[in-house]
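Asks: Residue-level listing of the chains:
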Amino acid sequence: MPEEKIKRNAEIVGFVCTYCTFKASEMAGSLRMKYPEGIRLIQVPCSSRVDPAFIIKAIFEGADGVFVGGCHPGDCHFIKGNFYTRRKMAALKEMFDAFSMKGKVRLFWVSAAEARRFIEKVTAMYNEIQDKVDENEGKKS
Amino acid sequence: MKIGVFVCHCGHNIKHTVNVKRLGDFFKSFPNVVVSEDYPFVCSEPGQDMIKDSIEKYGLDRVVIASCTPSLHGDLFKDLLKKSNLNPFYLRRVSIREHCSWVGDDLEKNSEKAKRLITAGIYGSCHQVPLEEKRVDVTKSALIIGGGVSGLSAALFLSNMGMQVYVAEKEAFLGGQVGKLKNVWPSLKSGSDIIEAMVGELKSRDNVEIYTSTVLKSFEGFFGNYEAVLAGPQGEKKIIIGGVIVSIGFSLFDARLKPELNYGKDERIITTVDFENKFESLNLPEKPRVAILHCVGSRDEQIGKAYCSRICCINSLRVANAVKDKFKDSYVESFYIDMRSHPKGGEEYYEDTQAKGALFTRSNIAEITSGENAIIIRGEDTLLSEPFEREFDLAVLSIGMSNPVDSRDLATLLKITLDKDKFFLEAHIKLRPFDTAVKGILIAGACSGPKDTEESINHGRSAALKLFGFLNLGWAYLDPFISYVNPRRCSGCRMCEHACFSNAIKYDEETRVVHVEEAACQGCGLCNATCPSSAIGLKGYIDSIIDDEINGFLMTV
Amino acid sequence: MNEVTAKEKEVLVVGGGIGGITAALELAGCGIHVTMLEQTATIGGRMIQLDKTFPTLDCSTCTLSPKMVEVALNQKIDLLSWAKLLAVKKNGAGFTASIVKRSRYVNIEKCTACGTCFAGCPVVMKSEFNMETGTRKAIYIPFPQAIPNKAVIDKRESQLCPMPCKHVCPVGTNVPGYLKHISEGRHKDAYMLIRETNPFPSVCGRVCYAPCEEVCCRGQIDSPLAIRDIKRFAADSFDTDSLVPPQIQKTGEKVAVIGAGPAGLSCAHDCALQGYDVTVFEDLPEAGGMLRYGIPEYRLPKVELKKEIDYIKKLGVDIRCSTAAGKDIAFDELKEDYNAVFIAVGAQKGVPLGVPGEDSRGVMEGIKFLRDFNSGAAPTVGGACAVIGGGNTAVDCARTAKRLGAGSVKLVYRRTRDEMPAAREEIEALENEGIEIEFLAVPVRFLAENGKLSAMECARMEPGDPDADGRRKPVKINSSEFVMPVDTVITALGQAMDLSFLNGTASSLINNNYIKADSAACTTEIEGIFAGGDSVTGPAYVIEAIAAGKRAALSIGKYLRKESVIPQIKNAQPGRLNNEEIRFAAERYGREERIAMTEEPSGERIFDFREVSSGYKAEEAEAEASRCIAGKVEGCIECGECERRCEVKAIDYSIKDEIVDLDFDGIVLAPGFDLYDPSEKKEYGYGVYNGVMTGMEFERLSSVTGPTGGDILLNGKIPKRFFFIQCVGSRERQSGARYCSRVCCMYTAKHASIIRDRIKDAEIYVSYIDVRAYGKNYDEFYKSAQENGIFYIKGIPGEVTKTENGLLVRVEDMLGGQLLEIEADMVILATGIRPRKEIEELCGIMSIDKDEYGFIRTDSIEPSKTSVEGIFACGMGTGPKDVPDTVASGGEAAARCMEYINQ
Amino acid sequence: MKMKGKKVDASSVESTLNKFLEDEQHLIFGFEKQKDRIVHRLFRNDLHGYSLFNPYFGINGAIYLKRLFSKSTKIILILRPCEIRAYIELTKLTQVERESIIAVSVDCFGAVSLKEKIEDVPADPVELKEYFASGEKLRPACAACRERRGIVGDAGIRIDKSGSIWILPYTEQGETLSNLIEGSYEENTPDMLIGESPKQEKFQSNMETFGADFSKCIMCMNCRDMCPVCYCLDCVFNGDEYMPKGDALLNKIYQKGSTDLPQNKEIFHFIRMYHVSQTCVGCGACEEACPQGIPLAKYFKGTSERMQDVFSYMSGMSFDEEIPFTTFLEDELKNAAD
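Residue numbers (the numbering used here), protein chains in the order written: chain U, 13 to 153; chain E, 774 to 1330; chain D, 439 to 1341; chain A, 819 to 1156.
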């Protein structure tokens, strides 16, 4: 086998709510802001639709990171959905932390106008996770 | 399953950084995909024709369009599917413009990303089922709780529009607080005239039933078909209504809660309401010295009323004017924190009152004590930073608005929420000020926070219009994206019921499973994510769709 | 129920702000058909401009944009944006409204909101959405969430100039566009715009024969624009080496180009951009063709040319020099190996004079002379040199000979000055450099001694009858011969093709020593073989060669994509101004002469090959460019850039305004508000001092959708000291508003809180008369602002002045009575609400009463009823309101309207 | 913790309970002594073979109670705290009747695993405490137990330092029971034999350890089936929603280069861990049920405790406290978002 090492790109799945974060991502698109290609979004009506089981599944089936994006607390279109999201994600993050996988799962509040915040958040997440991927790849070879 | 995949170039917009040709070719050999094409502008007429032709030619039952973001081109493609006799919910849009070609520069990486996005779309589309916009019957009638000015405005509107209206008023008479006013600022019409005109008109209509001295006893059901029991002097009455408008107004602040003001102990210390009722009969000297205290029961955290009551500054001005008009040589001094002469014209009124010689002192009042010949007010002038002590013949306390007394009970009965000050909570303070989280239950007027007459009327009518919009056809379309329960899977743990903000989930004690009141569901999917066995699912976003989307994203090359 | 299907009720809602949106949605929700009329290009009104809304500080876009989308999707609502109400007539219980649907000049059915058009638009205007703190283009979408999300062209007046410059330019350069850019200082944008259609800006900026200038309409008034010189300025001010090639998707198809002259290279450039692998075969050791070997250094420095060719190489074009097609590689082989071949060999051969003694040493052929010299060989010129010919080549030869040290140089031309084909300015420069021209003379014999040229015998000519071209043919005067002692003669009589390489199958393409090809499509009779440039048309100008190359690239693309190749023929007559227009333009724009470029002194420059003209300075270029009358119109200048770029062909300048008469059963007015313009309050220095702004301007500045992306910046730095002044234009008789504007206290508290949140060490003062925080949670919000260290000062400042450290606010603190002097970086004026100026017009159209301030008069018990039955008003149009109140009043107006139309 | 309670003797407790059982509709769910062990038993008519304590752990008794909805039958539960806690969680999830059941928790001294053969376990509470004092004999879940005191449910039966038995009512339902037993209430009960459990270290692991431990898993799902709070009638893992599909295995290999576990194991255990996170009482019944001897309690107890701590919640401590996932506070978890 050739020894040539192909750099693996991190893959991140994002669950984004229709009313805020998805809108922000649309706006980031129309403003031609750039963010890493490894980030792929699944649109859900409300961040509270995100069953942590999805996140667990995604992580164990190959995603290097997963994030959930919702409206800022108090701004939820469904009045209190994101308060539940916050609880679920707080617990889930604690669980991943218990298995030394802190940072793989994140929660972002991004409003519809905050295209730049969206970019900043996902790019920072991607870069950190890519660094870890590189580190691990390094270890393996 | 026959899936058609259509990859749009969007001219250069997508093509520039995504290898659309390769994508189109790639999906040709994809399982279940029978046609896969790339096209310069899928949204153009020839583009749409191409899709339509493909649907007919290949008998497609899923259409995946990879183009701009789904929010663009609204219903264009949905209509296209309809025209092609395909359920529009078999459409899947994949955004490869806003979420791919525009946000990345690298052609190879973008193409790879687009490939995954489309794969996810195809995977997800396999689980899509045809949905329909269901119709439910609703009762064209409304219950209005509270017969004040906003409730009456609502009743007038709804009855005028031909709906059956029930008005339940706790008191023996209609009109609420406005009815008690001698003159309503700024129109200066008498409150009772305003109310009488409204009540007279209501009574002349045969689709209005008014119940005074009546309260809501029980409340069941869901949007469009609520069942309420009213309890009044004639006994109980069960009514079926499509929706409810809560307009129970406010209660007056009880000035006794501020003992330092000595209200109720000295008859020279009265409230603005007292003044309204008995100014004419007051025994005042020739040149009365009248003090007016603002913000009694408002802007006062110590008594738990941090909010501004909005109307009391105008009430104070009205008192000052009345005194000045009657006693030209009176000494009138208003003690205020900020002058909030609120509605239109208020500022001018304030100026005019000053011109009449009323004094305004920015101050904090410490106490009112009773002297033999006068009452004594002690406080601090906050402009001069000096304490003062002044004698007056009369002190008028401009009392604020407190939450309606039975807000808590009513909230529990209707399963709606209260805010921190125990007024009713709006669904969205800015944009949905009449809605509650529960569909078909609306709030109007001062019961959701201090409001003046004009605003209460606005509220009453607006809420009524909203309800009318819900009910006027006698039926309503349901959003197709609502939850449904698989009763065989449901364990009846009621977690979803607890979490649901719109009270759309009901537990059946007999079968020990829950079901969704479709008319009430607003489609957030929280229940779906809360249920550990996925016995409840949100149509259009069911677990298997999202799961397979994840699979698509993570597809190995 | 009675099932008679009644006619659907129609309501007109005027105004697409939150009030109008609420009313429209509510009415539509009750089954009423609503027409929403919005004057601007998008609905959303003022609220969408807000960053956050008080008191929850939630995002305004988040809350409003779903409602806007709802309006767009609601089938009961017809949205007429960019439309205006002209007249309203009572019609029974209802109304008939005349509405003008202003032309967007964009077919909104086709527009995909991709934004390509505004990226290219050269007209930069102030953005209304950003309260003029930012810019937008003349074609624009106000903000990304706009509804309808379609582009609109802001055309304020009709274009006077027919822009002949664009039409005569063989490559269709967007002249008015780049002049507009230059005149407003956007030099790089100008360069990029030129590059869009021309891969050789710095070449054409120097040696183009500039047909555009000949037709320039400004020339009809005073003197034509220096279009070419400005192009040169644009090219000079940009570093071509810094151009980054775009990403190109390779198609895998291969194109061969024979000849690396302007035609060949332009074709290669455009083919590469279409994703083809291009190989250029060039006989000579370096690429550039005539540009490299024909034009002397003093006109076109080699280094400039090299930069442009380097960029073409960066695009992935493989230029193989010293590789002659037909010699090093057989033509048929090329045809075999490549999917398409473009022949652009040019006219590289001189034409012999054909007089005796031409083979003497000392007689040189001009093209060869220049080529030898430009190849590094230094041909020797003697003391007396004559150049035969009157074209640009002759002039180039003469001036080159002069620089090479020829004692005297004389141009010999057989006709008169007027008939000289060389460019006017070239002839002038020639004469300035001390070169004489011998007109009406032609050599008849060269005299040689020992094979070396010693003299030239010439004959006199006189103009004869006009020939086919209309030029008068010179006729020799009998016995007029005279001898001119010369030791060097350079003949520059014209150019011819060398097509010897076209052997084999392709030899059929040769016809009379030209290549047979369609001059528009560049196709030949052999499929896959294209030809263009001088080898097809005979010697022509650089820009024509470039145009031919570009046309060929287009045809090649179409051929390879198997689309039909339709030759494009441009035959539009360039437009001119008529006399009336000339008078009008002269009156409006005045007379201004063209600014000339500085030239190197002729006495010095003849000793070396320095560039003769040193180009414009920035101010000169900007001043010259601003003479363009096309660029002087306000708004869209109709330069056609958007049209050229739009891939769906959505742009259509010919769309006309449309007036429609519609019947309505009721009308709801939600006209919104304007903000007080504080310019008249001189004491605050608004518009004078940098850092003094209005609340709404600050709103845009702090907004993530604003010009800075939400960074609060002043001159690029983060300001630290803020001073808010409330009640500017409210509660005071002087400015005409005794009323309280109701929202300013809260928006100030909101702004202060936003600053507190974003700039941790900010110092924030708010001066006020009364803080009017009534409304749910408002007072609490105000309290928390105070608790977070925002200092409230009771008292309104007397003046704001400028100091070294920024701004100084003098205010008397009424609580304590001391006079404070507070320094600030930013002073933000909480300007009050004013009735929108359109209300005046609306009320006039509908005969509705206004109140003393100009708001629509309504009643407090029937809050939306206007003085005209059936017309209802809501929102700020009837007086100051905050968002929840506007929503409530919108609902109320809708409800009353419902009642009215159902009577 | 000083509370109202009655000092009672064992016989009066037994006779009261026997009296209670005289009613046909009354049952008691508790422990029965057998030859070499003590097991759960639903007593009808009399308390024959009854044991107050049970130092053997095989299953969590709450599992018997799932879907028990009879309102006519009155049942007294006399179980270990972890079992009562599981019962309480099940009441919140409407998986068991609340009104007709009186749940009594008995001080627990720990237990040995029924998987192991241990014969010298004493019966007397004081001796039991001594026996388990070193902790060596305790099964792992018991060794890390957070709450052994009989302070949960409707009432508690507790042992003071002198070995006397106390009954403490915690709810009105509990009081109906304690009122039946002879003796008078004392306002302040003395210190009990069992105090607060020592604070456990925060659980911390990693995927390598997890992989090593779970490589033995055979996906029999016994852990799920025997979990007292895994209440779903139809588990999501009965379907294929969360089971890997398509290229999942390849994805993972592509990502990690190799794989230790088929990912369905990871997904199954992690999702189950999340599902029980707020209701897990840490009893270790899963570990008892595992045929492969995987140290499940360590993981499930460890993660659930961490995840409950996020909301300052401890499962099964009170009937009224809502399960964290069904409620929220507006002003909380400020650091939850990244």
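Rather than coming from a laboratory, the hints here were simulated on the basis of the structure. One or more of the hints may lead you astray.
[Said to hold, decoys possible] No more than 27 Å apart at the CA atoms, straight line, and that leaves these computed lysine-lysine pairs for DSSO-like:
#, chain 1, residue 1, chain 2, residue 2
1, A, Lys822, E, Lys1193
2, D, Lys1087, D, Lys1155
3, D, Lys1119, D, Lys996
4, D, Lys1221, D, Lys1198
5, D, Lys1120, E, Lys788
6, D, Lys1303, E, Lys955
7, E, Lys882, U, Lys19
8, D, Lys1155, D, Lys1240
9, D, Lys1240, E, Lys788
10, A, Lys822, A, Lys884
11, E, Lys955, E, Lys882
12, E, Lys953, E, Lys1099
13, U, Lys46, D, Lys1155
14, E, Lys1195, A, Lys1152
15, E, Lys953, E, Lys856
16, E, Lys788, D, Lys1303
17, D, Lys548, E, Lys856
18, A, Lys825, U, Lys151
19, D, Lys514, D, Lys528
20, U, Lys144, A, Lys1020
21, A, Lys892, A, Lys837
22, E, Lys1195, E, Lys775
23, E, Lys788, D, Lys1000
Asks: Going through the earlier hints one by one, which of them does the structure break, listed in rising order?
Replies: 1, 2, 3, 5, 9, 10, 11, 15, 16, 18 and 22
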